[in-house]
Amino acid sequence: MARTDAGIKTRRLTVPILDEDLASLEIGTVVYLDGVIITGREGVYKRVIEDGEEIPGDVTARSNVSFHCSPAASIDEQGNYSVGAVTATASFRFAKSLPDWFAKTDCRVIIGKGGMSPKHYRDIFVPAKAVYFTTVGYGTGALLGRGIKSVEDVFWLDELGIAQAMWVLNVENFGPLLVESDLKGNSLFEQNNKEINANIDRLYEDLKPPSLSRYGETDNKRDELI
Amino acid sequence: MIAIERVEKAAYDIMVKAGIEIPQDYEQGIRAMQTHEKGDLSYFVLEAMLENYDAAREDRRPMCADTGLPRYYVKAGNEARIEGGFIALETALRLATARATQDIPLRPNRVHPINRQDNNNNVGINAPEIDFSFEPDADWIDITTVHKGGLFGTDYRMLFPGDGIDGIKRFFLDVMIAFGKRGLACQPAIVGIGLGGSKDTCMVLGKQAACLRTVGDKNPDPEIAALEAELKEMGNSIGMGAMGFVGSSMVVDCHIEVGYTHTGGMPMSVHSFCLSSRRATARVHNDGRIEFRPDPAWFTPYMRRNTVAWQELMPA
Ligand code: SF4
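Residue numbers (our numbering), protein chains in the order written: chain A, 1 to 226; chain B, 1001 to 1316.
Any given hint might turn out to be false.
Label pairs and their computed distance ranges (CB to CB) [to be verified]: (1) B:N1286 <-> A:R62: 56 to 64 Å; (2) A:R122 <-> B:I1087: 19 to 27 Å; (3) A:E159 <-> B:S1237: 44 to 52 Å; (4) B:R1304 <-> A:P56: 53 to 61 Å; (5) B:R1081 <-> A:E195: 58 to 66 Å; (6) A:P56 <-> B:A1088: 42 to 50 Å; (7) B:D1295 <-> A:R214: 52 to 60 Å.
In silico EDC-like cross-links for lysine to aspartate or glutamate, where the CA-CA straight-line distance does not exceed 20 Å [said to hold, decoys possible]: (8) B:K1232 <-> A:D201; (9) B:K1038 <-> B:E1233; (10) A:K149 <-> A:E172; (11) A:K149 <-> B:D1059; (12) B:K1232 <-> A:D206; (13) A:K104 <-> A:E54; (14) A:K9 <-> B:D1054; (15) A:K221 <-> B:D1174; (16) A:K104 <-> A:E50; (17) A:K9 <-> B:E1233; (18) B:K1232 <-> A:E205; (19) A:K96 <-> A:E42; (20) B:K1009 <-> B:D1103; (21) A:K149 <-> B:E1058; (22) A:K194 <-> B:E1079; (23) B:K1169 <-> A:D219; (24) B:K1169 <-> A:E205; (25) B:K1232 <-> B:D1166; (26) B:K1232 <-> B:D1174; (27) A:K149 <-> B:E1051; (28) A:K46 <-> B:E1058.
Derived list of chain A stretches under chain B, where covered just means 3 residues or more per stretch with a C-beta under 8 Å from a C-beta of chain B [stated by the list, open to error]: (29) 161-168; (30) 210-216.
Everything labelled a hint here was simulated from the structure, so no lab data went into it.
Keep in mind it's a predicted model, so treat the numbers as computed, not measured.
We treat Cβ as the ideally placed atom computed from N, Cα and C, and that holds for glycine.
Build the full structure now, drawing on both the sequences and the hints.
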């Protein structure tokens, strides 16, 4: 059997990722990263954006990549961290925090699960010159965990707990990730959805609708729920 | 009498095994799907997942950092006696969960739904869930742990008898499409379907069908088995594959379980057991021996009995 993923491009990038690298990224490219990345989700956004707290140290100067996730980590009696695996969490939930996050941190790359809606790319990512990398699978936690060489720091661990704290991770050959959006706001998911949607009516053609319908924000199978 | 220390050890060992080692039947199912996958990106995703399973096994690290909701299923033989009784058993399972969370490590995923308090050990109010079932003529207990991702890929609907098989197919497609886009359900999945029962039974049956039956297993009722095959085929012909990319890999297998239901209704639930389909089973024998088993064998003939008394099914 021939591999069918032969046409997929792969690139390895150093963080902070340079403008010219960001500009040359094409959607659907596989990316691996070296450098420092920071994690953040509900808890971090609340502290940094709603509560207006500063991110300690100079991490935002050394990293323009932030990751929607929480690691499977534990802390031993000596206070050492061990990170076993790391898996992204669905990003669409954080859209409302991102404009302020981009402005405050100079972040240019969001890594997460599932991407954002086309409107979020247009309205939030394009003006911030930011792109989105999606994790793969999405359960590639062990592969991504391998790419974490050390935990450089962790902020707000006591206040937010292991899952919500801000982890500063040193990574090497961290991936695979897929370029989901580019600087123009093109989206790999949107492109694929268009192709799949063309087929959907055919699937329902011969099936009569149920006798009791349901309230719902959408019943159109071409729409997305995010 | 089964020593309680053996129960705790078995519960701990399967939690480690489930978190790190993908079940063989599921991995083989993914390999088989990959040979039919024509979408480049969907193929690539499956390749990455297969590498991920290897990495987890080699490094002894969790395959996915999202622990999902780790929980237990216990099948107790009618003749099994446990040191300390069922209270001791439940305590042992909670202890095993807390220990495994620290040691593997697993992400402490369990929080209070309102104040979001995290005990950092995956134990809390009603957590881990422990479901029980029973088996005649046996003196062992089977303990299965499942770590199922929880946020996407599940839905429930009250259908009516007149909606028929069309209604079942439509709702199945609705769920596949809704949660398949962008791969929110982390497909290809083992899709479990509960049909009938009361509403809560319907949810429980569908979930157990997804999590406690192996890839390749068929319902013993030929009519249900045919529907399982038809829905699987249907899911894989949507045109969507892994991560919602163009392709065909949606349903590794489809399992349906039924329960007698209200004469006027046909409730249906759909559950997706994701690319990190984590399950592991151990049998604790009466003499304390712990035996790992590849198949939870949850839905026994006794579980699916349709008669008043169990004996009526036995040969004379
Ligand atoms: S759905 Fe499964 S594979 Fe996906 S992130 Fe959750 S646990 Fe991991």
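Hint by hint, here is what the structure shows:
At roughly 60 Å, the beta carbons of B:N1286 and A:R62 sit within the given window of 56 to 64 Å. Separated by about 58 Å at the C-beta atoms, A:R122 and B:I1087 break the suggested range of 19 to 27 Å. Between A:E159 and B:S1237, the C-beta spacing of about 49 Å keeps the proposed range 44 to 52 Å intact. In this structure the hint that B:R1304 and A:P56 lie 53 to 61 Å apart at CB holds, the actual value being about 58 Å.
A C-beta distance of roughly 60 Å is found between B:R1081 and A:E195, which places it inside the suggested range of 58 to 66 Å. Hint check: A:P56 to B:A1088, Cβ distance near 47 Å, so the stated range 42 to 50 Å holds. With their beta carbons about 37 Å apart, B:D1295 and A:R214 fall outside the hinted range of 52 to 60 Å. Restraint check for B:K1232 and A:D201: satisfied, since their Cα atoms lie roughly 19 Å apart, inside the 20 Å limit.
For a cut-off of 20 Å, the pair hint linking B:K1038 to B:E1233 stands: about 16 Å separates their Cα positions. Restraint check for A:K149 and A:E172: satisfied, since their Cα atoms lie roughly 6 Å apart, inside the 20 Å limit. In summary, the hint linking A:K149 to B:D1059 is supported, as the alpha carbons are separated by about 14 Å, within the 20 Å threshold. Pair hint B:K1232 plus A:D206 holds up; C-alpha atoms about 18 Å apart against a cutoff of 20 Å.
For the proposed pair A:K104 and A:E54, the alpha carbon gap of about 9 Å is at most 20 Å, so the pair holds. For a cut-off of 20 Å, the pair hint linking A:K9 to B:D1054 is broken: about 23 Å separates their Cα positions. With a CA separation close to 8 Å, the supplied pair A:K221 and B:D1174 stays within the 20 Å bound. Only pairs whose Cα atoms come within 20 Å are accepted, and A:K104 paired with A:E50 is accepted, the gap being roughly 12 Å.
As the CA atoms of A:K9 and B:E1233 are separated by approximately 31 Å, the hinted pair breaks the 20 Å bound. The suggested pairing of B:K1232 with A:E205 holds, with an alpha-carbon distance near 18 Å, which does not exceed 20 Å. A C-alpha spacing of about 11 Å is found between A:K96 and A:E42, which places the hinted pair at or below 20 Å, so the restraint holds. As the CA atoms of B:K1009 and B:D1103 are separated by approximately 14 Å, the hinted pair is consistent with the 20 Å bound.
With a C-alpha separation of about 17 Å, the suggested pairing of A:K149 with B:E1058 holds against the 20 Å cut-off. With a C-alpha separation of about 58 Å, the suggested pairing of A:K194 with B:E1079 is violated against the 20 Å cut-off. Between B:K1169 and A:D219 the alpha-carbon distance is near 16 Å, which keeps this suggested pair within the 20 Å criterion. For the given pair, B:K1169 sits about 12 Å from A:E205 by alpha-carbon distance, which is consistent with the 20 Å threshold.
With a CA separation close to 15 Å, the supplied pair B:K1232 and B:D1166 stays within the 20 Å bound. For the proposed pair B:K1232 and B:D1174, the alpha carbon gap of about 14 Å is at most 20 Å, so the pair holds. For the given pair, A:K149 sits about 19 Å from B:E1051 by alpha-carbon distance, which is consistent with the 20 Å threshold. For the proposed pair A:K46 and B:E1058, the alpha carbon gap of about 38 Å is over 20 Å, so the pair is violated.
Counting residues of the segment 161-168 of chain A whose CB lies closer than 8 Å to any CB of chain B gives 3, which reaches the minimum of 3, so the coverage claim holds. With a threshold of 8 Å between beta carbons, the proposed coverage of the segment 210-216 of chain A by chain B holds, since 4 of its residues qualify and at least three are required.
The earlier numbered hints that this structure contradicts are 2, 7, 14, 17, 22, 28.
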